[in-house]
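Colleague: As a plain string of letters, each chain reads:
There are 2 protein chains.
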Amino acid sequence: MATLEQLRQTVMDVLTEQAKFYRRGFAREPQTEIVQVFDTVHDHFQIAALSWEGETQIYNIFFHLDIKGEKVWIQVNNTDESIAELLLERGLQKSDIVLGLQPPYKRPYTGYASE
Amino acid sequence: MATLEQLRQTVMDVLTEQAKFYRRGFAREPQTEIVQVFDTVHDHFQIAALSWEGETQIYNIFFHLDIKGEKVWIQVNNTDESIAELLLERGLQKSDIVLGLQPPYKRPYTGYASE
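As you go down the protein sequences, you meet chains P and Z in turn. Residues in the first sequence are numbered from 1 upward in steps of one, following my numbering. Residues in the second sequence are numbered from 1 upward in steps of one, following my numbering.
Excised from the complex, chain P in its bound form:
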């Protein structure tokens, strides 16, 4: 079981990598800002994009992860990247991770932690 500090560091490492990836991807669109939100007091972690297309504001949350009950909760993932797999590659166990984006009744069947 990972320590709280390991969970935080792993989440921030994975999301920092993802933010870099999206910043490279949007390098030709300087009006697009990739925002990295790391709240290590309340343990909420996000990557979001802020942009404008003409008069229309674009606001997209790519990822929202929380740490609670000494687990990483993947709450939102609006990309096709598996954040859970990236967390596993960096040494977390499935039992350290809750797929919060799955309905509660499905979580016991995911192979990951249920809560």
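By construction, these hints were calculated from the structure, which means they are not laboratory data. No residue lacks a Cβ here, since even glycine has one placed at the ideal position from N, Cα and C. Do not take every clue at face value.
[What the hints assert, rightly or not] Label-pair restraints from in silico Cβ distances: (1) P:K20 <-> Z:E89: 36 to 42 Å; (2) P:D80 <-> Z:E89: 41 to 47 Å; (3) Z:M1 <-> P:E85: 45 to 51 Å; (4) P:Y59 <-> Z:R90: 21 to 27 Å; (5) Z:Q57 <-> P:E89: 22 to 28 Å.
Assemble the complex: chain P is given as a structure, and chain Z must be docked to it using the hints.
Modeller: Just chain Z now, with coordinates in the frame of chain P:
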């Protein structure tokens, strides 16, 4: 002109009040979590709601404020509360605030800072 520390504290005070308001509002829906995201390193501040209705996840960002260039940027406000007015009530000046949710060309006409 407010100091960076005053800007941060005012933003966090206003959003903490808003989070309390929404927590009271959702008190009878224990499945709804009001999430307060304060990143004082990158200066991003948010209030979000996470919930489930049956198999459907509800994820709503009520507010997203940033501090950049020694101004408060109101980036997202999905409520009918004027966050700008709440910031003014707590002592900020219009020149401390950018209405980032207005298209850039409109900002010079808002009475608030343009950038």
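Colleague: Would you mind marking each hint as holding or not holding in the structure?
Modeller: Status of each hint after checking the structure:
no.: 1; hint: P:K20 <-> Z:E89: 36 to 42 Å; result: holds (39 Å)
no.: 2; hint: P:D80 <-> Z:E89: 41 to 47 Å; result: holds (44 Å)
no.: 3; hint: Z:M1 <-> P:E85: 45 to 51 Å; result: holds (47 Å)
no.: 4; hint: P:Y59 <-> Z:R90: 21 to 27 Å; result: holds (25 Å)
no.: 5; hint: Z:Q57 <-> P:E89: 22 to 28 Å; result: holds (25 Å)
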